[in-house]
Every structure is written in C-alpha cells, then in structure tokens.
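One-letter residues, chain by chain:
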Amino acid sequence: MKFQGQAHKFGHDVNTDEIIPARYLNTSDPRELAAHVMEDADPGFAGRVKPGDILVAGKNFGCGSSREHAPLALKTAGVACVVAESFARIFYRNAFNIGLPILESPPAASETSTGDRLEIDAGAGTLVNRTTGKSYATAPLPPFMQELVAAGGLMPYVKKKFL
Amino acid sequence: MSRPMTLGEKILARTAGRRFVAPGDLILADVDLCLGNDITAPLAIQTFYAQGGRHVFDRKRVVLVPDHFTPNKDIASAEQAKILREFARDQKLLYYWDQGECGIEHALLPEQGVVVPGDLVVGADSHTCTYGALGAFATGVGSTDLAAAMLVGKAWFKVPPTLQLVFQGKRAPDVTAKDLILTAISRLGVDGANYRILEFTGSAISALSMEGRLTMSNMAIEAGAVTGLIVPDAVTRRYVQKRAQRKPRYYTSDPEAVYERREVFDVRRVEPVVAKPHLPSNVVPAASLKDVRIDQAVIGSCTNGRIEDLREAARLLRGKRVSPRVRTIIFPATPAVWRQALKEGLLDIFTAAGCVISPPTCGPCLGGHMGVLARGERAVATTNRNFVGRMGHTESEVYLASAGVAAASAIKGRIALPREVRGRGWQRGVKR
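Chains as they are written, first to last, in my numbering: chain A, -5 to 157; chain F, 88 to 519.
Only chain A is shown next, with the shape it has when bound in the complex (with noise of 0.2 Å):
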C-alpha cells in the first residue's frame, strides 16, 4: 500500500469525541459520519480535507468510546491514512477491521507539520516527508494484521476461515 498527500497535524490523545462528537451519532451513514469528521478538535477540518490527505497525529490517537464511526468517519471523509505516534487500542483494531491504514513512527508524528507533503509506503515500512526531506521507519505489521489486511479487513477474513 502507498500513499502521496498533504499532512493535517494534530496534538496528542486525540479522543474519539473529537473524531465524531457523539452528537451526530444518531446515525450510521458514514456520508453524514464523514461532514463532522474532527469537528471538535478542528471546526474547518472536514471542509479542507481533500481525498488522499493524511491525518498525523501525537500519542495515543482515538482515544474514549469504542464507536467506529471514528475510523469510518476519516475514511469516507478521504483520509488515506492515519500515522501517530501511537493509538489507543480500540480505535488501533477499528481501523484494521474497516480496512483504514494507520501507522506507528514517533519520530515521523512528531516532526510532520501541517501542508508537509508525505510519501507512505506501507509494505515497506517507510515514510517520506518530502517537504523536509526526512525518511523514516514505520513499525512493521503483525503478521495477522497483515493477514487482516490482505483478506480485506476482519470480515471476509472470518468468513473465509469460518464460514
């Protein structure tokens, strides 16, 4: 998996309130989820963000509730993927299940800034800011994760091995 986008930078725990603020959780369409997308932590966020932008963000991101609106909210708002320093847990295996790349490299999140262009070659594990000129390592996927991702997120791998 590769992707080429503008960073958007945010501070640490970031929590899933902030991601989609449980206001607009009388709903599951995530077209609906996607307009409020961050609303709470960046009121403008949701009308800047362009398809294939990158989200990057301090420790423990996705932090609270357990509602997957969050993940599915970034994703159908047009965020490729989500690099942070770390993710809280829930939100960590949301992402995977829904099929929304996220990855982990402190020191990448913590140099990033916001309009950084980034170059993200997941497979490989790097990281490229090419408007510093920066590389980096990204840690390196589980190899269930991995198995997670190729069968394309947790359902069709359940299915697969179960049904």
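I should point out that these hints are in silico values taken from the structure, not numbers from a laboratory.
Values in this document were obtained by computation on a predicted structure and should not be read as measured data.
Cross-link-like lysine to aspartate or glutamate pairs, in silico, EDC-like; alpha carbons within 20 Å at most:
(1) A:Lys153 with F:Asp145
(2) A:Lys155 with F:Asp145
(3) A:Lys155 with F:Asp117
(4) F:Lys245 with A:Glu98
(5) F:Lys257 with F:Asp320
(6) F:Lys147 with F:Asp117
(7) F:Lys245 with A:Glu141
(8) A:Lys153 with F:Asp117
(9) F:Lys257 with F:Glu395
(10) F:Lys257 with F:Asp353
(11) F:Lys245 with F:Asp117
(12) F:Lys160 with A:Asp23
(13) F:Lys160 with A:Glu26
(14) F:Lys169 with A:Asp23
(15) F:Lys147 with F:Glu188
(16) F:Lys147 with F:Glu173
(17) A:Lys154 with F:Asp117
Assemble chain F onto chain A, guided by the hints.
Below, chain F alone, put in the same frame as chain A:
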C-alpha cells in the same frame, strides 16, 4: 508445559482452547457474550447482513441494550433503536430490554446476572470493561468486531501484559471508589495502561462493595486498559449467587504470575478528588477547586448510577435545596435502581431538594440528550469522561467527581466537599 498465569490470562487461555497463554500471543477466542447498544449495534447489524449473516451464533449470547439515545431523542435515533428491536425479535435474542425494563448496559448486565465471573465478553462500547469487577475479561470493541462475534462467536486478541495496582490501607470518610480510580488514572495517565490488563488488588479493594468495584473497573479504559480485573472473593460470590443466569467460573491469579509492573497506592493519603477538563487524568483535590462555580450537576451513569451512589447523594441532599443556579439531574442506571431509590424515599429527597429525576439513559454523559450544556457552561458529573464537548458545546466544561462531591457541589453552587454541607446527625436517617 504450564506457566503461572494472571486471572486475565487464564480466561483468555480457556476461551482460546489452550492450556496457557503469554503476553504477545495472538489468539482467536470464543466469546461467552457479545454486546451492542443503539449507537454501535446498527453498524454491526448492517455488516452482519451485508456479509451474508442469517443467524447469530447463539441467541443466548448476543445481547442488545438500547440505552444511549433512549427514550429516543429524535427521529434518527428512533430509527437506530428500531434496528435493534427488529434484530432482537428476528433473531429471538434472549437478552434484549426495551423501555421500562431497559437500563444502562454496564449497570444492567451485572445486576441481571447476564455476565458472570470467568466470562469473556466483547462489547461494542468502551465501558464494557466494567464487568472486570466480577472477574470477567470484558473489553470494548468496535462494530465490526461485534458483527464478527455475532456471526461466529469469536474475537481476536493479542494477549496483553498485566499491570497490578495495589490499593493498601483504609479509606478516609468521603473517599470513594471513584476517588481511588481517578487517583490511579492520574498517576498512570490516559494512555498509561494502553493495551494492558489492569488488576486491582489490596486491602482497600477487598473492602469495597461490588458497586464500588464496578465503578473502579468501569474507568479502566480511561487509562487505556483492555479491562480492569478484580479477583473474585466472598463479596463477588455473594453478589453473583443470587443473580447468575449461567454458571460462574471463579479464577484467581497464580501467586507466581508475571506482572509487567506493580503500582502501589497508599489509600490513607487519597482524598476526594476531581478530574478537571479536558482529560480524566487531570486530577486535583476537590478542596482546591472551591472557587469553581457550576451550572449543572449530573449524578448517575454506568460509573456512578447504582443505589449506593444515590444513597450517598441523598444523605447530603436530605432536607436541603440545591443552589437555584445549578440544574441537578439524577439518572438512576437501571429500573431496579430507580425502584429501590423510590422505595427508600431517595427520589422524594431529590425532588424536594429541587433535582430532576431522569429515566435510565446514557443521555447526558455523552452530550446526547437530557442535560446538554450550552457554551461556557460548567458541570460537575459522576460520569467518566470530560473531553472537549463531551457533555455539549465545545466551550463547555465537565468536572468528574464522586456522587458525594457532586451532591455537595449542587447545594453550594460551586465545587464542594461533602463535609461542607453535612449537618449534625448526618449518620442517622438515610440508610447507609
């Protein structure tokens, strides 16, 4: 070959069909129960059908609780709740509750004996970790995980390492389970236990009632933990015996079990605390916030909406009025708690004090309905999260505290300690 295991590892080993597991192992486990609510289940049900699902793996092990935006706050949320209702009917689910019987999921399931010690529970709600207090490995997952569990009864895990939190010594008066867990989150940080199992132990945990233990385990997620376990003891057995709907499995942690780390808390030094905006780890002594004026007090939720919490609030509110500028909302967590509060005269105390009593709902905790904050408003709440915009406007604020601090604050109109409002002879009257 065998190895000593923690309580959490034993449950994962059993459900993965293995003799033992170790941190880092990837396992596919058989879940004893899976759970969804009116926010997370509609997505899961959609995925379930989209993947060709026809029947759930076991109608006795798929649980739906429409508790978040109910009583339905608008047409859209009514549609969501309807999806659950129809799915429960079509699939003949044994455990589905509707209004009048429905309560907040994490108070309802332990109370009704639906979850039992030794269970592996995945719930599409982050506070599923609450059941750790019973000695059940219970953890929050997303809607796709729930869909997979409904379909095949399985969930994948990377076996987490366990952190042991030891609480030693006797609590001072007015120090509650909420103060213990907030103090722990303050020390660990909001990601301090990320992908770790917390195991709460020590004399102060043994001394807690089951209700206090549920409060502690409930907030394990606020430190990032997978679950927050308490090894079952006599208190657990007494609570479980009269309500268990299935046979419990009482596991303990082996004496030689390996913990990643041990943190010791001297409970004698813990005081009533408050988590300031906008993180549950932003904890300070309640006594240091006496100049913080509040507009709303919220007493209830899956964290502190059980009968002991209401008794604690009623002891302080008895014969008093809440400040005219503080909207005080009491939301008992389940119909059984509601009726018990009625029977004990607590609802009379609350309404005489100027509080409003809500039906059981998650509503105000997540800014859903029944107590949303306007711009610039401030609430003290017995709930579990104080993130930006959690209870309403992004420029509103939530201060997390125990039921006692919330009730005292409602009376004073500012953050206050129980002892500030307690008249003489407070021990008499309302049942302790």
